[in-house]
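The listed protein sequences derive, respectively, from chains A, B and C.
Take the first sequence: its position 64, counting from 1, is numbered 64 in the numbering used here, and each next residue is one higher.
Count along the second sequence from 1, then add 96; that gives the number in the numbering used here.
Count along the third sequence from 1, then add 276; that gives the number in the numbering used here.
In short, the hints are calculated from the structure, not lab data.
Accuracy of the hints is not assured; some may be wrong.
Within a straight-line C-alpha distance of at most 30 Å, the following computed DSSO-like cross-link-like pairs (lysine-lysine) qualify [claimed, not checked]:
#1 Lys821(C) to Lys176(B)
#2 Lys606(C) to Lys524(C)
#3 Lys754(C) to Lys524(C)
#4 Lys524(C) to Lys176(B)
#5 Lys524(C) to Lys491(C)
#6 Lys821(C) to Lys754(C)
#7 Lys176(B) to Lys606(C)
#8 Lys441(C) to Lys524(C)
#9 Lys753(C) to Lys441(C)
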Amino acid sequence: MAAQVITANRLVDGAVVYLSADGQWVQSLEEASVAEGEAAAAALVAAGDRAVAGRLVVAPYLIEVDRGPEGIQPRRYRERLRATGPSIPFGGGMKG
Amino acid sequence: MPLIDSDGRTLSDPWRLLAEGEDIPELGPVLVPLRRWLAERDRLLARSEPVGVLLQSSEGPADLSGDLRRVSLIALEFPKFTDGRPYSTARLLRERYGYAGELRATGAVLRDQLQFLRRCGFDSFEVENREAGDAIAEAFREISVSYQAAADEAPRAADVRRGERTGYEQSKVCAGFWAY
Amino acid sequence: MYQYDAHDRQLVLDRVEQFRGQVQRRLSGELSEEEFKPLRLMNGLYLQLHAYMLRIAIPYGTLSSAQLRKLAHIARRYDRGYGHFTTRQNLQFNWPALADTPDILAELAEVEMHAIQTSGNCIRNVTADHFAGAAAGEIEDPRIWCEIIRQWSTFHPEFSFLPRKFKIAVTATEQDRAALRVHDIGLRLLRDHAGQLGFEVMVGGGQGRTPVLAKTIRPFLAAEHLLSYLEAILRTYNLLGRRDNLYKSRIKILVDSVGPEEFTRLVEEEWRQMPHDRIDLPEAEIQRIRAHFAPPPFEALPQRDAEFELRRRGDPAFARWVRANVSPHKQPGYAIVTLSLKPHGGIPGDATAEQMDAVADLADRYSFGEIRVTHEQNLALVHVRQRDLGALWHSLAELNLATPNVGLATDIIACPGLDYCSLANARSIPVAQRISLALQDLDRLTGVGELKIKISGCINACGHHHVGHIGILGVDKKGEEFYQITLGGSADETASLGEIVGPAFSSERVVWAVETIIATYLSLRRGPEERFLDAYRRIGPDPFKEALYAAH
Ligand code: SF4
Numbered sequence: 001m002a003a004q005v006i007t008a009n010r011l012v013d014g015a016v017v018y019l020s021a022d023g024q025w026v027q028s029l030e031e032a033s034v035a036e037g038e039a040a041a042a043a044l045v046a047a048g049d050r051a052v053a054g055r056l057v058v059a060p061y062l063i064e065v066d067r068g069p070e071g072i073q074p075r076r077y078r079e080r081l082r083a084t085g086p087s088i089p090f091g092g093g094m095k096g
Numbered sequence: 097m098p099l100i101d102s103d104g105r106t107l108s109d110p111w112r113l114l115a116e117g118e119d120i121p122e123l124g125p126v127l128v129p130l131r132r133w134l135a136e137r138d139r140l141l142a143r144s145e146p147v148g149v150l151l152q153s154s155e156g157p158a159d160l161s162g163d164l165r166r167v168s169l170i171a172l173e174f175p176k177f178t179d180g181r182p183y184s185t186a187r188l189l190r191e192r193y194g195y196a197g198e199l200r201a202t203g204a205v206l207r208d209q210l211q212f213l214r215r216c217g218f219d220s221f222e223v224e225n226r227e228a229g230d231a232i233a234e235a236f237r238e239i240s241v242s243y244q245a246a247a248d249e250a251p252r253a254a255d256v257r258r259g260e261r262t263g264y265e266q267s268k269v270c271a272g273f274w275a276y
Numbered sequence: 277m278y279q280y281d282a283h284d285r286q287l288v289l290d291r292v293e294q295f296r297g298q299v300q301r302r303l304s305g306e307l308s309e310e311e312f313k314p315l316r317l318m319n320g321l322y323l324q325l326h327a328y329m330l331r332i333a334i335p336y337g338t339l340s341s342a343q344l345r346k347l348a349h350i351a352r353r354y355d356r357g358y359g360h361f362t363t364r365q366n367l368q369f370n371w372p373a374l375a376d377t378p379d380i381l382a383e384l385a386e387v388e389m390h391a392i393q394t395s396g397n398c399i400r401n402v403t404a405d406h407f408a409g410a411a412a413g414e415i416e417d418p419r420i421w422c423e424i425i426r427q428w429s430t431f432h433p434e435f436s437f438l439p440r441k442f443k444i445a446v447t448a449t450e451q452d453r454a455a456l457r458v459h460d461i462g463l464r465l466l467r468d469h470a471g472q473l474g475f476e477v478m479v480g481g482g483q484g485r486t487p488v489l490a491k492t493i494r495p496f497l498a499a500e501h502l503l504s505y506l507e508a509i510l511r512t513y514n515l516l517g518r519r520d521n522l523y524k525s526r527i528k529i530l531v532d533s534v535g536p537e538e539f540t541r542l543v544e545e546e547w548r549q550m551p552h553d554r555i556d557l558p559e560a561e562i563q564r565i566r567a568h569f570a571p572p573p574f575e576a577l578p579q580r581d582a583e584f585e586l587r588r589r590g591d592p593a594f595a596r597w598v599r600a601n602v603s604p605h606k607q608p609g610y611a612i613v614t615l616s617l618k619p620h621g622g623i624p625g626d627a628t629a630e631q632m633d634a635v636a637d638l639a640d641r642y643s644f645g646e647i648r649v650t651h652e653q654n655l656a657l658v659h660v661r662q663r664d665l666g667a668l669w670h671s672l673a674e675l676n677l678a679t680p681n682v683g684l685a686t687d688i689i690a691c692p693g694l695d696y697c698s699l700a701n702a703r704s705i706p707v708a709q710r711i712s713l714a715l716q717d718l719d720r721l722t723g724v725g726e727l728k729i730k731i732s733g734c735i736n737a738c739g740h741h742h743v744g745h746i747g748i749l750g751v752d753k754k755g756e757e758f759y760q761i762t763l764g765g766s767a768d769e770t771a772s773l774g775e776i777v778g779p780a781f782s783s784e785r786v787v788w789a790v791e792t793i794i795a796t797y798l799s800l801r802r803g804p805e806e807r808f809l810d811a812y813r814r815i816g817p818d819p820f821k822e823a824l825y826a827a828h
């Protein structure tokens, strides 16, 4: 079973957030609390449910990650994009 | 689930929905699913008590069209609030078939649908939400302009613009009027 | 263009307050996300990959300069300084905070704009020919009827919970610039033999997983009955459309399953029983709305401006831009200018706040203060004097809005794809950028001629890939981005759906594939006057398959 991190979008502004080791919802994947094994993952899910009830985040879910020399890496491409933001410069046109 | 009218007032509910296979009681208004109405119409009418029919969202008004003066309540069930068929059924009942009795929205009925429901001819609402009174009455009035004709009396913007309140003729009896 | 009266204004203000209440109830916890989601969606507010996204309606693609300035202001104040014009003539902001959205809507209301029905299973923002009011051969301005439909469909109490979303487009010329045949309802304004105004009514077109071209269910409907007839179609669909399967719930599936003849019969029967005078607008109201679309005060000018002709002959760069980006106008001495939002290597459809402000100024100066948004994700100034074209070209070039590529291979439609969209399988924008950079040589572009490349990041087909001459669809193959190519689609009056050419290409190979397709076309066409689409229709897919797959 792969290591897992719980992610969601923050209610007020929709920002991508991860649950950190000290129980905060943070924007940096590096600070996310990584669960190995089912019990730890279940604890993350429970924390996610509490954050939904507390109106902090929307629709939390677990993602699979690898830990390597570059830090925490989501396995799915989609999650890598969520972690880093769009792969293109914003604004196109003159800035593009 | 409180039952309210289109002013947000709580209504008492004299109706009893007959469960599958439940005997028809001697007294009191009963509400039956369409299938039961079709099967036991004469028995239900033989009692001199009000009868109501519950339509699922997949059931149209055609089967009832000959009996609209004999039923005092038609309840339209929203299995999900996103199932919009009862809006059309309601308008057909009111505008095409001239149904004048109580038209009730039941099932997944949320506060934020109430104004649409009222415009389509519903006049009683079994709401899932917790508010009542003034707070919910507000939900019927949030949008004060109507661009299109429906089953309510609200004049269309186009008609207001013409300065003629066309005041669509309605054969509708006041909500809450039953023949008993 | 249309200007709100007190009723229109009141409705939009009511809506702002209603939505403010809904957002408050969400933030206070009274509404769960499950309950709030359909409410925010009915107001064009999505939760995407990185943030909320707010889609703002630009009814029939017409903006005033004041409205465009307001969009620029919102981009700066509440977002990240840019917006994205979509294939439905809408504008999307990619980074608004939930708590700010009521204020954004209040700002929009100040300039007679809103986000009503830009998503959800309701009648969406109605689209039109972006050259409406300027195109030669137009029966009358189709936006008159779009505005009539806009009002009728706004908060329609019966049709706000349809089986699925519902899109209507209107045109008034033989040429179809609004992709009528891929809409739930396409309406083409025409006159019958007696000169009476009416519509050809097409129903059941759409893209997505099951692309279908709309069928004409009524060759002529008297214009005054438009609303009652639409109401009959919508009621038939509302009652009979499937609700058990998301992918089978569009009206195209209903039309297909009962058959077009039976569907037509059902609609006609419903329509016959409707009280038309209650639903159709009184003539005075149609006239009132029509008056808003009276032509602007054009100057009486000669057909051809001498100075413009001279310059065109003397300046090849200007001539190139005119050839690609300027279209004939029905009024002598005027021209229609398309502003390319497809700079080579840029993001299709994106415009910065600075560009929006500058375009608003140019519109005031050169085009009666009016701007159009095209479904091909460009902007247009549609009433420009030929004599002003030179000065306008210079200003646009400074803004990076004068890439001479309209209708050419780098005028690529691309949906937001996986860079923004939570439904995506693959990215669209970077693919568009790479193709555009590969094809950016202007002489080559001109040499290839008209070629429409359209890219979607998933089967929902927001990037219209089914009707691209070359369509590109992003697919997910075991976590990798792959791209499936279709050929021969078209969205114009000769509409056709593209055919899949073969197995999908990896992200690295997709630019090569496009180049190979173009090279094959160039080698087989009868001459420069045979466009890609015509050549494809003549020779079919085999030579392309051969070139793309034979080596493997
Ligand atoms: S086509 Fe798919 S990926 Fe592209 S915007 Fe539409 S839903 Fe998103």
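Okay, the hints, checked on the actual structure:
1. Lys821(C) to Lys176(B): 48 Å, violated
2. Lys606(C) to Lys524(C): Given pair lysine 606(C), lysine 524(C) is violated - Cα atoms ~42 Å apart, limit 30 Å.
3. Lys754(C) to Lys524(C): With a Cα-Cα distance of about 26 Å, the restraint between lysine 754(C) and lysine 524(C) holds, given a limit of 30 Å.
4. Lys524(C) to Lys176(B): 18 Å, holds
5. Lys524(C) to Lys491(C): 18 Å, holds
6. Lys821(C) to Lys754(C): Distance ~24 Å between lysine 821(C) and lysine 754(C) Cα, so the pair holds.
7. Lys176(B) to Lys606(C): Between lysine 176(B) and lysine 606(C) the Cα gap is close to 51 Å, so the pair fails against 30 Å, i.e. violated.
8. Lys441(C) to Lys524(C): OK: lysine 441(C) and lysine 524(C) at ~12 Å, within 30 Å.
9. Lys753(C) to Lys441(C): 29 Å, holds
Violated hints, in rising order: 1, 2, 7; the structure is consistent with all others.
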